[in-house]
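Kindly generate the complete structure, drawing on both the sequences and the hints.
Protein chains: 2
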Amino acid sequence: MSPRIGLNQIMILEEAARAADEAGLESVTLAELAKRLQVKTPSLYNHIGGLPDLRKSLAIHGLEQLRIALLNGTVGKAGEEAVLAVGRSYVGFVRQRPGLYEATLSAPDPLDPDVSAASDEILTFMLRIMDGFGLTEEKALHAVRAFRSMVHGFASLELKNGFNMALNRDQSLELMLITYLRGLALSTA
Amino acid sequence: MSPRIGLNQIMILEEAARAADEAGLESVTLAELAKRLQVKTPSLYNHIGGLPDLRKSLAIHGLEQLRIALLNGTVGKAGEEAVLAVGRSYVGFVRQRPGLYEATLSAPDPLDPDVSAASDEILTFMLRIMDGFGLTEEKALHAVRAFRSMVHGFASLELKNGFNMALNRDQSLELMLITYLRGLALSTA
DNA sequence: TTATTATACTAATATAATTAGTTTTAAGTC
DNA sequence: GACTTAAAACTAATTATATTAGTATAATAA
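Those protein sequence lines, which keep their order, are chains A and B. Everything in the first sequence is counted per my numbering, starting at 5 for the first residue and increasing by one. Everything in the second sequence is counted per my numbering, starting at 5 for the first residue and increasing by one.
No wet-lab data here; the hints were simulated from the structure. Some hints here could point you the wrong way.
For identical chains, the list gives no copy identity; a pair is met inside one copy or between any two copies.
Dumping the calculated DSSO-like pairs for lysine-lysine here, alpha-carbon to alpha-carbon at most 27 Å [unchecked claim]: (1) LYS164 x LYS143; (2) LYS39 x LYS60; (3) LYS164 x LYS60; (4) LYS44 x LYS164; (5) LYS44 x LYS60; (6) LYS60 x LYS143; (7) LYS81 x LYS60; (8) LYS143 x LYS39.
Just so it is clear, the structure is predicted and the values come from calculations on it, not from any experiment.
So this is what it looks like as structure tokens:
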């Protein structure tokens, strides 16, 4: 009757990410996904556990992609240059994959071990970037929190069109990070 | 038959905000709201235009409440002390009214004039707080963007349980803001 | 060739948003 | 106090979604 389309988890995940980037995470419904994949909705259940399950997978996939983007953005860089590069890469990732980034923040249960693990990898990456800044372990943890807050906050506000004014955004990001780093240098001096 | 309950827009809005705080914005459905208000779902349409309309009202209401909270948190303070107070009040508000804060970020159309206006009031408030820092107008705008990014990012990550480690959160916030302010002082010196 | 399994399907159920149209309460008017 | 009217609540129906159960078939393996 109907030739098999050859669906699998990866195809669904990638189509979901594309759909999220195009129209926002909210609009990613199983009905819409099935339409895009030329399949009836219930067929999706042969490959995923349901919508919450898909969202969790999307969150993990997004965190992995984000980590790779940060990694790629910092090859061959160290010190403050590396920190700036992470900031640029982070914001760049959110601009390129807005829906996928949104998914990383909307896991059904953010405390899920698998999601936490993917999140922790980014954290330890950032900690390594801040190695050699001469911070105590505790100060370094505070600094990583600050850094994540800054870049996530910036990217997230930009995503929601929170920056209305005609004022260069890249420059805002750059200035924020440089100003913070200057203050950080003072505290270790 | 059924005695009138005396519903109005405000009652619906406040119940929606409460529900959002209790169970997250996602769980605020008209069906759930109607149940909480002891009314049938279609009755809500006598007072609101529908779910998107309610969400927009919630966003504006949340922005107003946030502005009031910031205002109250800074009476009698000036300079860096005022900036720190805004940061504390901002994060405090998000902790107290997580769902309502979520709503401020999830308006159906963030570029809607009414929502933008409410958002702009917070912006100009922050600009006034930074008056007297000796910044050029452009630098001040960049600084406000940075400040919003920091506090929103911090609050938002905290909300999503993004801070897993056992490390004092209030201290992280305090350190972030102080470190940034130190860097800012350098650039004007 | 046959047996098995995975994949896609149809059918059915439950929840939600929304609209249309009806009844009834509450308020004011004569 | 009876009457009119507008608002507020209702029932009924439509559409969209997620999900489950059960069926048929295509691909694969024996």
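Going down the list of hints, with the structure as the test:
no.	hint	result
1	LYS164 x LYS143	between (31 Å within a copy, 23 Å between copies)
2	LYS39 x LYS60	within (21 Å within a copy, 30 Å between copies)
3	LYS164 x LYS60	both (22 Å within a copy, 14 Å between copies)
4	LYS44 x LYS164	neither (33 Å within a copy, 34 Å between copies)
5	LYS44 x LYS60	within (22 Å within a copy, 34 Å between copies)
6	LYS60 x LYS143	neither (32 Å within a copy, 40 Å between copies)
7	LYS81 x LYS60	neither (33 Å within a copy, 44 Å between copies)
8	LYS143 x LYS39	neither (50 Å within a copy, 49 Å between copies)
In terms of the numbered hints stated before, the structure departs from hints 4, 6, 7, 8, listed from lowest to highest.
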